[in-house]
Amino acid sequence: MDIATLIGIISGFGLILGSILLGSSLSAFFNLPGLAIVVGGTISATLIMQKLNVVLGAVSVAMNAFLVKTEPAERLIKIMVNVATKAKKGGILALENEKVENSFLARAIRMAVDGIEPTEIAYALQIERNSLVSRHETGQSVFKFMGSTAPAMGMIGTLIGLVQMLLNMSDPSMIGPAMAIALLTTFYGAVLAFLVFNPIAEKLVDRTNSEKVNMDVIITGIEGITKGINPRILEDKLVSFLAPKARKMK
Amino acid sequence: MDIATLIGIISGFGLILGSILLGSSLSAFFNLPGLAIVVGGTISATLIMQKLNVVLGAVSVAMNAFLVKTEPAERLIKIMVNVATKAKKGGILALENEKVENSFLARAIRMAVDGIEPTEIAYALQIERNSLVSRHETGQSVFKFMGSTAPAMGMIGTLIGLVQMLLNMSDPSMIGPAMAIALLTTFYGAVLAFLVFNPIAEKLVDRTNSEKVNMDVIITGIEGITKGINPRILEDKLVSFLAPKARKMK
Amino acid sequence: MDIATLIGIISGFGLILGSILLGSSLSAFFNLPGLAIVVGGTISATLIMQKLNVVLGAVSVAMNAFLVKTEPAERLIKIMVNVATKAKKGGILALENEKVENSFLARAIRMAVDGIEPTEIAYALQIERNSLVSRHETGQSVFKFMGSTAPAMGMIGTLIGLVQMLLNMSDPSMIGPAMAIALLTTFYGAVLAFLVFNPIAEKLVDRTNSEKVNMDVIITGIEGITKGINPRILEDKLVSFLAPKARKMK
Amino acid sequence: MDIATLIGIISGFGLILGSILLGSSLSAFFNLPGLAIVVGGTISATLIMQKLNVVLGAVSVAMNAFLVKTEPAERLIKIMVNVATKAKKGGILALENEKVENSFLARAIRMAVDGIEPTEIAYALQIERNSLVSRHETGQSVFKFMGSTAPAMGMIGTLIGLVQMLLNMSDPSMIGPAMAIALLTTFYGAVLAFLVFNPIAEKLVDRTNSEKVNMDVIITGIEGITKGINPRILEDKLVSFLAPKARKMK
Amino acid sequence: MDIATLIGIISGFGLILGSILLGSSLSAFFNLPGLAIVVGGTISATLIMQKLNVVLGAVSVAMNAFLVKTEPAERLIKIMVNVATKAKKGGILALENEKVENSFLARAIRMAVDGIEPTEIAYALQIERNSLVSRHETGQSVFKFMGSTAPAMGMIGTLIGLVQMLLNMSDPSMIGPAMAIALLTTFYGAVLAFLVFNPIAEKLVDRTNSEKVNMDVIITGIEGITKGINPRILEDKLVSFLAPKARKMK
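Protein chains in written order, with my numbering: chain A, 92 to 341; chain B, 92 to 341; chain C, 92 to 341; chain D, 92 to 341; chain E, 92 to 341.
Hints were generated in silico from the structure; no laboratory data involved. C-beta: ideal position from N, C-alpha, C; glycine also. A couple of the hints might just be wrong.
Covered stretches of chain C, as calculated for chain B (at least 3 residues, CB under 8 Å) [what the hints assert, rightly or not]:
1) 93 to 103
2) 136 to 147
3) 176 to 190
4) 208 to 222
5) 277 to 283
Sample of chain C residues with no beta-carbon within 10 Å of chain B, all distances over it, derived [as the list claims (entries may be wrong)]:
6) Val130
7) Gly131
8) Arg166
9) Asn173
10) Ala271
11) Thr311
Put together the whole structure using the sequences plus the hints.
Here you go:
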């Protein structure tokens with residue numbers, strides 16, 4: 092996992108816990124029915140909105156985004172240049188036993204070796220790229236939906252608490268604590284949305300962008316390779332995908 | 092119906108009912124005029140905004156989305172490969188008596204058998220695909236509209252109750268219950284929006300995406316078939332639409 | 092007018108009036124200065140934002156959208172097929188005295204009869220289609236603007252009332268009624284936005300979509316006609332614009 | 092200035108002033124520090140966000156939008172047809188001394204006279220059109236930013252006032268007036284956003300659309316003129332940009 | 092740094108400080124735990140959402156946007172015309188030792204000198220342009236995220252304070268000060284969002300637009316240069332990217 096993510100999670104929840112402990116006990120902020128209505132209600136609405144396997148898929152995509160690093164484009168460009176060099180020397184068929192880790196690149200090479208026409212290869216790879224993007228967007232939409240539903244569930248919980256408090260105002264000394272409990276669901280909804288669901292949704296957007304760049308590098312690269320491009324010229328072309336800084340550090 | 096949807100509906104409403112019953116009777120949260128203004132007001136605004144048949148169409152599209160499963164793209168690809176194999180062996184005309192369940196595919200095959208030019212077939216299928224997408228978007232817009240109107244109707248109901256309460260503050264003991272009732276419409280609006288209308292709208296977005304993929308598989312497939320593509324190469328091309336996982340499980 | 096629209100307007104305002112009458116007199120919710128600031132303020136802001144003739148144009152477009160039905164695409168397709176049949180039999184010039192109600196189609200036919208090249212016809216019709224869409228979008232933007240300005244004017248009115256109430260709190264018995272009056276402008280703003288301006292804006296979006304489909308049917312149809320397409324094949328092509336259901340009912 | 096704009100400004104501010112005077116003196120709504128924080132804070136945030144010359148440019152673009160009328164497309168079409176007629180009679184070079192007010196058209200004619208190729212002319216004019224659109228969008232973004240920042244500055248002012256009031260609650264009779272003053276900044280922010288910044292931003296959107304249509308008329312027209320199109324056919328083509336009503340009135 | 096930015100920062104914070112000092116001491120608005128939860132919570136959420144190097148990259152891009160001026164397009168056009176003049180006289184190879192500050196232009200010239208085909212050069216430059224835009228968009232999204240998270244963190248802090256206050260209402264004289272402190276986090280969140288994060292995000296949008304124009308000038312220019320375009324005609328073409336005013340001042 093990216094060390095920053097871990098720091099973010101620990102410090103985010105740590106600050107909230109610390110802030111609570113400064114003024115009261117933690118138990119004052121724990122309310123099981125409130126947690127149930129916010130967490131459970133958000134999950135329920137999500138299950139209504141999406142097929143179970145898509146929701147589980149979104150969770151696994153999110154875990155992936157946090158636990159597995161994307162290949163840096165810099166490294167991928169080096170690999171492409173190596174592949175191009177081999178192809179330049181031994182022809183496309185020299186790539187037959189090329190072992191590459193990246194499954195998208197492996198597929199591109201296999202198609203090139205099979206003698207499929209360059210435009211057909213580009214077409215198939217483009218479809219795969221767009222499918223990946225739209226699958227990722229589905230994952231993002233699940234977490235964005237949760238990020239907007241959680242505060243609403245918090246508000247629903249608070250409204251229930253407020254109505255019940257207003258109906259039982261005979262004992263004024265109970266108004267404060269009752270309202271405190273009513274507000275807890277709003278608090279849960281905000282914490283869930285802004286420290287959990289929204290950052291995950293944004294993380295997936297970012298991850299999609301990284302993978303799009305990598306796939307574009309591969310699509311551009313394999314097109315050059317099938318045309319027998321000079322590896323040095325290919326490198327020159329592919330570094331256009333990098334920030335000027337990343338190019339210089341190469 | 093997707094089992095998850097059922098679980099979502101039951102658990103979502105169950106949590107809210109449970110949360111209410113923990114602190115009061117259910118009847119305290121039932122207010123007929125309040126329900127009438129939120130449900131009725133939302134439906135009224137929707138009828139102003141859209142033709143009756145479109146609203147009913149949106150409801151039937153939504154029911155469809157929950158009750159009828161879309162064909163998995165994996166299965167559709169198998170069917171396309173079968174069709175391609177037959178066409179490869181016996182020529183396009185061998186498809187004349189081909190029975191396929193999917194009406195979009197059936198139309199595509201019929202046009203191919205009729206000898207209509209590939210570009211014309213693709214054009215007609217594209218129009219049909221785009222028409223379907225825009226009809227679905229109309230359905231989504233109906234439910235999105237309801238999802239944003241319901242909380243507003245809840246607020247309107249609460250404002251009516253608050254104004255009436257403020258005009259009759261002679262008996263302070265009545266302020267609490269009057270305000271409780273006023274808040275109920277806000278509660279109704281939020282529950283309707285976040286547990287009913289918004290999840291339905293999102294479900295339709297998702298359904299549209301699935302059908303778009305299926306139609307793209309068919310359009311790409313029939314194009315290959317009319318050109319006499321090798322079935323194995325067609326399969327290779329069509330699996331680009333699937334997630335890598337779904338491909339391996341094949 | 093669509094009967095549903097009428098039902099929507101009557102039931103929407105009826106529910107609000109009924110809800111008011113259940114708890115107080117109607118006169119308690121009538122406040123002339125409040126109405127003036129919300130309605131007048133919204134209109135004022137709209138006049139600042141747009142030229143007078145555009146605002147009046149938007150109002151007339153909206154009236155049109157409610158009072159005049161768009162031609163159903165089904166009927167238009169039948170007309171196109173008839174026109175194609177005549178052109179097939181007697182040549183394009185046989186359309187010289189063709190009387191059609193739809194002015195866009197009439198223009199398309201006139202250009203075809205005048206011998207203007209198909210690509211030029213398509214170009215001119217596309218421009219007209221896009222101009223119509225962008226004029227409709229201007230109309231929508233006027234009502235969307237009013238839909239977001241009305242609640243703001245309501246809030247401004249409430250703020251004025253609140254400030255005045257807070258400055259004169261010497262007589263506590265006046266606080267309730269003063270606040271009730273202050274809240275009325277928020278109430279007016281919400282009713283105007285959610286039962287009037289927003290539904291109209293959405294209605295215009297929907298109307299634009301219907302007209303776009305009709306124009307696409309005509310553009311596709313006239314292109315086929317100038318090329319002497321077989322009327323049955325043209326019909327096959329044009330029904331792609333319809334929902335499968337609407338096709339079967341033909 | 093469009094007379095409607097003037098009416099809008101006068102009636103908008105008039106209604107607010109009238110509404111204030113009905114219940115209190117004007118001076119009760121005047122608070123210099125409050126005005127300073129809302130107006131000054133909004134301007135400060137805008138200066139942080141944009142270069143000074145862009146902000147001043149946006150102000151001058153906005154003044155232009157209110158004070159200078161755009162040429163009606165109807166008139167521009169007449170001019171284009173006149174130019175086409177001259178070019179048809181005397182050749183492109185006959186346009187050498189053509190005086191036209193519209194600088195975009197003047198440039199188009201000059202390029203045509205200079206013998207630059209039609210595709211190059213179209214390319215240069217397209218660039219100019221897109222540059223204008225993106226400069227206008229920058230202007231809009233400045234006012235949209237101010238429209239969303241002003242209410243936020245109003246809220247910041249109110250929060251400052253509320254905190255100070257809460258810290259000094261020893262004299263209950265001061266709570267009302269202190270809170271009234273705190274609310275004034277929220278009031279200022281809402282008036283500024285909804286009667287000043289947002290209408291200006293929308294006005295600029297509308298102005299951009301008008302200029303886009305005019306430029307499209309010129310680009311389409313000059314293309315025809317360089318090809319020696321028949322002026323009557325050109326007119327037929329260009330009226331596609333007008334609403335059917337505006338065409339008939341011609 | 093743009094002098095306006097400096098004025099904006101000083102006057103923005105100055106107005107808020109002044110507004111505070113008018114009614115209380117500054118220390119009344121300083122609350123360390125509150126600041127920690129808003130600033131720390133926003134940074135934590137950002138670290139969860141993005142890789143550390145991207146966050147640091149966004150900060151450095153933002154610093155750049157404030158401290159380094161973009162080259163004015165006017166000056167860039169002059170440089171392009173000079174380069175074109177040299178190339179016209181001495182051929183493309185005369186550019187071999189051309190020293191230009193702008194690294195994008197330098198790369199374009201180097202590729203032209205290396206004899207890479209014009210379409211390939213345009214392709215590589217387009218990729219670089221799009222990569223820059225998408226990297227900038229990542230930077231913007233980081234600050235937009237912070238701009239929407241900061242007020243949420245403020246609300247979370249306020250909710251914690253409110254709940255604690257409501258649980259300890261035995262001493263009524265403490266309610267005011269406790270609520271004042273609770274509101275401080277909302278205040279911090281609003282100031283951070285509207286005077287810091289949002290203006291930075293908008294600044295980056297603006298910066299991206301400037302750089303896009305510059306890159307388009309270079310791409311269009313180098314294309315002409317490789318084709319041996321007349322420098323005067325090139326200038327005529329490139330000034331299309333400028334506002335009419337900026338052209339005249341040249």
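Here is how each hint holds up against the structure:
Note: the segment 93 to 103 of chain C has 9 residues with beta-carbon separation from chain B under 8 Å; the three-residue rule is met and the coverage holds. With a cut-off of 8 Å between beta carbons, the segment 136 to 147 of chain C has 0 residues touching chain B; three or more are needed, and the interface restraint is violated. Counting residues of the segment 176 to 190 of chain C whose beta carbon lies closer than 8 Å to any beta carbon of chain B gives 0, which falls below the threshold of three, so the coverage claim is violated. Coverage of the segment 208 to 222 of chain C by chain B is violated in this model, with 0 residues showing a Cβ closer than 8 Å to a Cβ of that chain against a need of three.
For a cut-off of 8 Å, the count of residues in the segment 277 to 283 of chain C with a CB near a CB of chain B stands at 4, and the three-residue condition holds. Chain B leaves Val130(C) outside its interface by the beta-carbon criterion, the shortest separation being 17 Å against a cut-off of 10 Å. The claim that Gly131(C) is not at the interface with chain B holds, since no C-beta of that chain comes within 10 Å of its own (minimum 20 Å). Listed as outside the interface, Arg166(C) is consistent with that label: its C-beta sits roughly 15 Å from the nearest C-beta of chain B, beyond the 10 Å cut-off.
Every CB of chain B lies more than 10 Å from the CB of Asn173(C), the least distance being 20 Å, so the non-interface label holds. A beta-carbon of chain B comes within 10 Å of the beta-carbon of Ala271(C); the shortest separation is about 4 Å. Consistency note on Thr311(C): stated as away from chain B, yet its beta-carbon is not over 10 Å from all of that chain's, at 8 Å minimum.
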